[in-house]
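Taking the hints into account, I'd like the entire structure generated from these sequences.
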Amino acid sequence: MFAYIARRVLYVIPIALGVTIIIFGLVHIAPGDPLNAVVPPDAPKETVELLIKAYGFDQPIPIQYLKWLARAVEGDFGISFATGRPVAEAIAGGVVNTLVLAVGAILIGMTLGCLIGAVAGYFQGSWIDKLATGFAIAGVSVPHYWLGLVLVIVFSVEMNMLPAMGMGPGGSKEWAWDAEHMRHLVLPVITLSVIPIGIITRSVRATVAEILTMEFVQTLEAKGLRSRRIFLHVVSNAAPTVLAVAGLQIGYLLGGSILVETVFSWPGTGFLLNDAIFRRDIPLLQGVILVLAMFFVFMNLLVDITQSLIDPRMARS
Amino acid sequence: MFHHKSFKRAAVAALGGAALTALSLSPGLAPKAAAQGTLRLGMTLADIPVSFGQPDQGFEGFRFMGIMLYDALINWDLSSTGKASGLVPGLAESWEVSKDDPTKWIFHLRKGVVFHDGSEFNADAVIFNFDKLLDKDSPQFSARQGSLVNFRIPSIKSYRKIDDYTVEFTTHEPSSFVPYQLCYILIASPTQWEKTGKDWNEFAKTPSGTGPWKLESLSPRESAEFTPFKAHWNKDLVPKLDKVITIPIPDPNARTAALLSGQVDWIEAPAPDAIPRIESQGFKIVSEVYPHVWSWHLSRVEGSPWNDIRVRKAANLAIDREGIKALLGGYAIPASGHVTPDDPWYGEPTFEIKYDPEAAKALLKEAGFSVDNPVKVKALISASGSGQMLPLPMNEYMQQNLKEVGIDIEFEVTEWNALIDLWRGGAKSPQAMGAGVINVSYTTQDPYSAFTRFLRSDLHAPKGVNWGFYNDPEMDKLLNMASSTFDPVERDKVLAKVHAREVDDAAFIWVVHDVAPRAMSPKVKGYVQSRNWFQSLTPVYME
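One line per chain: the protein sequences are A and B, in this order. Number 115 in the numbering used here belongs to position 115 of the first sequence; there are no gaps in the numbering. Basically the numbering used here = 1-based index in the second sequence + 317.
Think of the hints as simulated: they come from the structure by calculation, not from any bench. Since the structure is predicted, the reported quantities are computational estimates derived from the model, not experimental observations. Errors might be hidden in some of the hints.
Mimicking BS3-like on lysine-lysine, the simulated pairs with C-alpha atoms at most 30 Å apart in a straight line are [said to hold, decoys possible]:
hint, chain 1, residue 1, chain 2, residue 2
1, B, Lys720, B, Lys642
2, A, Lys45, B, Lys745
3, B, Lys720, A, Lys53
Residues from chain A shown here face chain B by an in silico Cβ test under 10 Å; the list is partial [stated by the list, open to error]:
hint, residue
4, Val39
5, Ala43
6, Leu50
7, Leu51
8, Lys53
9, Gly56
10, Leu149
11, Phe155
12, Met167
13, Gly168
14, Thr262
15, Val263
Residues of chain A placed beyond 10 Å of chain B at every Cβ, according to the derived structure [what the hints assert, rightly or not]:
hint, residue
16, Val9
17, Ile21
18, Pro60
19, Leu212
20, Thr213
21, Ser236
22, Ser265
23, Leu272
24, Asn274
We put the CB at the ideal spot given by N, CA and C, even for glycine.
This is the structure:
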């Protein structure tokens with residue numbers, strides 16, 4: 001088991017390096033001047049060139065990459081072109097804000113998804129199953145931003161019950177666990193949780209239904225086990241698949257949703273990334289994408305390890 | 318199919334809604350009423366503009382950061398509406414051009430002005446701030462701040478302190494536009510820069526200027542809070558509000574929802590199609606013509622069909638500007654030139670720009686073109702961008718209008734920043750792909766921005782943004798005369814001749830002027846929307 005975990009951890013290193021090369025490459029092959037969006041349109045060429053030099057863009061790309069990597073390894077992602085603020089600080093702030101949203105959406109998504117999926121799988125073909133499947137398909141198909149806008153129109157504009165945007169009252173400066181801030185959380189969390197509910201429901205349903213047809217279940221039944229005990233066996237067999245799906249969803253949620261965070265003006269990583277793209281703030285863009293990519297890498301690692309703990313066959317294979 | 322999908326969506330919304338209702342109706346969770354005298358303002362920006370002196374993010378950055386914290390030597394008069402806003406003394410009480418040498422400007426500084434940190438404003442502070450932008454060897458030099466504003470002071474060659482309250486500027490050549498250039502240079506406190514470790518990024522956290530507002534707090538991408546600077550040198554400009562909170566809400570729908578749900582009291586640029594809804598709920602829409610023009614900038618390089626004045630005039634006559642105005646929800650003014658007819662620079666052009674497709678067809682026929690044998694032109698446009706209004710539908714509308722008279726337009730749609738690159742590169746650059754049109758909207762706030770940079774023959778790429786390589790020796794003479802006429806009234810008369818000549822020459826295809834609608838709660842009182850990109854929040858109060 002230890003060797004398996006060690007091997008998985010070591011795999012992360014080439015993956016992470018590959019990710020950095022792709023990120024750096026993609027950002028730098030984008031057409032146009034890297035400083036285009038941060039200097040005014042009229043700024044003369046000499047001024048732009050002075051800045052290019054100051055930011056080191058006149059150096060060969062491999063050198064720029066190595067310098068950036070050396071600093072990034074130490075957690076220094078440089079200074080944002082646009083604001084002059086440290087990128088690491090901006091990302092840290094964004095990650096905390098996104099976490100607040102993601103944790104809420106994960107809790108709702110996992111709980112409802114597993115619950116609805118298991119019930120649907122157990123009662124396959126029944127009206128409960130049909131209802132749950134319909135709900136799951138709707139959840140997967142409904143566009144995030146559309147649902148967000150509809151919720152805002154209904155609950156903020158028409159009924160004036162919940163805030164339409166922002167993280168807290170009056171452009172709140174930081175998150176606090178009080179009623180005022182919680183009110184701001186409701187609509188974005190619901191919007192964000194709809195897709196994971198749908199996806200998790202569908203995979204839990206399919207897995208549970210499949211396991212129920214397996215011979216060991218019949219054996220358990222033949223042995224006279226109570227259905228509650230059998231259900232526990234089914235759940236523990238379904239867990240690795242469900243974890244893999246849920247892990248990816250958690251990765252997506254932690255990455256922040258550009259659309260949902262923009263619709264709700266929620267200053268998380270998605271909002272940050274959107275801003276970085278539109279302003280072509282290269283240090284910020286590289287930093288945010290790297291951190292988000294690493295989220296995925298580590299979520300996969302975590303899921304792999306958890307799966308192997310639940311199902312030791314995986315580590316052996 | 319549509320109904321089926323809509324039903325599913327509605328069902329999801331309803332399911333979520335049932336759960337929500339319970340939570341949202343809980344007692345004690347209703348939003349607290351905003352404190353008396355606090356204005357919450359939703360900006361179109363995605364981040365708070367930088368606060369270290371020269372703001373980023375264009376004129377909205379100036380509006381909601383720059384001129385709130387800082388003054389320039391010369392400020393814009395933002396106290397009136399209904400007429401072009403002019404310049405007024407700021408940190409300089411008066412200025413004059415030397416009689417012996419018209420390249421020398423003497424500025425007499427205001428005495429008794431203090432920065433937010435309590436230190437005194439004087440000539441040293443002025444020199445300190447210009448060194449920050451222009452002297453690469455000074456410890457306070459900031460390439461970033463220079464990049465944001467140096468292009469606005471092309472005339473300034475050097476500057477020096479004469480005494481504690483007198484500063485002299487020397488220009489490369491005589492230029493009457495100097496006041497219009499210096500009004501963008503904001504004066505930050507040298508003392509505060511020392512106190513914050515001589516680091517502009519640190520300074521940005523606790524900035525200090527002489528402006529009517531102090532920065533209370535700034536949280537990137539979330540909000541900035543401003544409180545009045547009671548010791549401002551101009552008592553008329555001491556803010557009435559207790560506090561202003563600016564909040565970045567880049568999405569127009571989110572801005573509108575925030576206003577309608579009472580989360581903010583004021584939003585910039587509501588989406589045109591949301592305006593009737595906003596008004597129907599008792600909110601105010603305020604608008605006033607802006608020094609802005611949405612036009613097609615024409616290429617005049619060899620081989621361009623626009624080199625024939627009949628084709629240029631025909632295109633100007635083919636555009637149904639009232640239709641485009643309707644497309645914008647009525648929030649635009651049809652253009653009959655680069656500036657509006659009530660502008661002192663409008664003059665008396667003889668070519669009347671109106672919608673007359675028959676006249677356009679006749680002109681094109683004379684030039685050898687028709688609907689069956691159309692002029693073919695490629696146009697560089699963007700899908701969005703600062704000041705671009707609704708570029709895609711507007712351009713498509715024009716494409717249709719022009720097709721009807723015999724001008725076929727092929728669009729090359731690029732991302733906004735890429736379009737700016739093409740604009741800087743000029744019509745002759747290979748990247749322009751032989752395009753005959755570029756659609757970048759322009760400010761007309763000052764004479765250089767409105768006329769010189771596009772019309773003076775030497776200001777083409779890479780030196781400037783005369784994108785189309787416009788070249789008219791008579792125009793060059795007029796522009797030089799304007800910049801060397803120091804009496805403002807006389808100078809405006811020359812600029813009116815520049816404009817009349819430009820219109821008679823159909824140098825652009827002018828379409829509309831923006832009226833910058835903003836929506837606000839009926840509780841917001843005292844606001845005067847000046848005819849300027851900059852606006853003052855100092856007279857505003859909450860009822």
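So, going through the hints one by one against the coordinates:
1. B/Lys720 / B/Lys642: 19 Å, holds
2. A/Lys45 / B/Lys745: 17 Å, holds
3. B/Lys720 / A/Lys53: 47 Å, violated
4. Val39: A/Val39 check passes; min Cβ-Cβ to chain B is 5 Å, inside 10 Å.
5. Ala43: 5 Å, holds
6. Leu50: 6 Å, holds
7. Leu51: It holds, given that the least Cβ distance between A/Leu51 and chain B is near 5 Å, below 10 Å.
8. Lys53: 9 Å, holds
9. Gly56: 13 Å, violated
10. Leu149: 6 Å, holds
11. Phe155: Result: holds, 6 Å to nearest chain B Cβ.
12. Met167: 7 Å, holds
13. Gly168: Holds, because the Cβ-Cβ distance from A/Gly168 to chain B comes to roughly 9 Å (cut-off 10 Å).
14. Thr262: 5 Å, holds
15. Val263: It holds, given that the least Cβ distance between A/Val263 and chain B is near 6 Å, below 10 Å.
16. Val9: Per Cβ check, A/Val9 is outside 10 Å of chain B; nearest 34 Å; holds.
17. Ile21: The assertion about A/Ile21 holds, with a minimum of 24 Å to chain B.
18. Pro60: Correct as stated: the minimum Cβ-Cβ distance to chain B is 22 Å, above 10 Å.
19. Leu212: Non-interface label stands for A/Leu212: nearest chain B Cβ at 27 Å, farther than 10 Å.
20. Thr213: Per Cβ check, A/Thr213 is outside 10 Å of chain B; nearest 29 Å; holds.
21. Ser236: Its Cβ never comes within 10 Å of chain B, the nearest being 30 Å, so this holds.
22. Ser265: The assertion about A/Ser265 is violated, with a minimum of 5 Å to chain B.
23. Leu272: 7 Å, violated
24. Asn274: Incorrect as stated: the minimum Cβ-Cβ distance to chain B is 7 Å, not above 10 Å.
Hint check: violations occur at hints 3, 9, 22, 23, 24; the rest are consistent with the structure.
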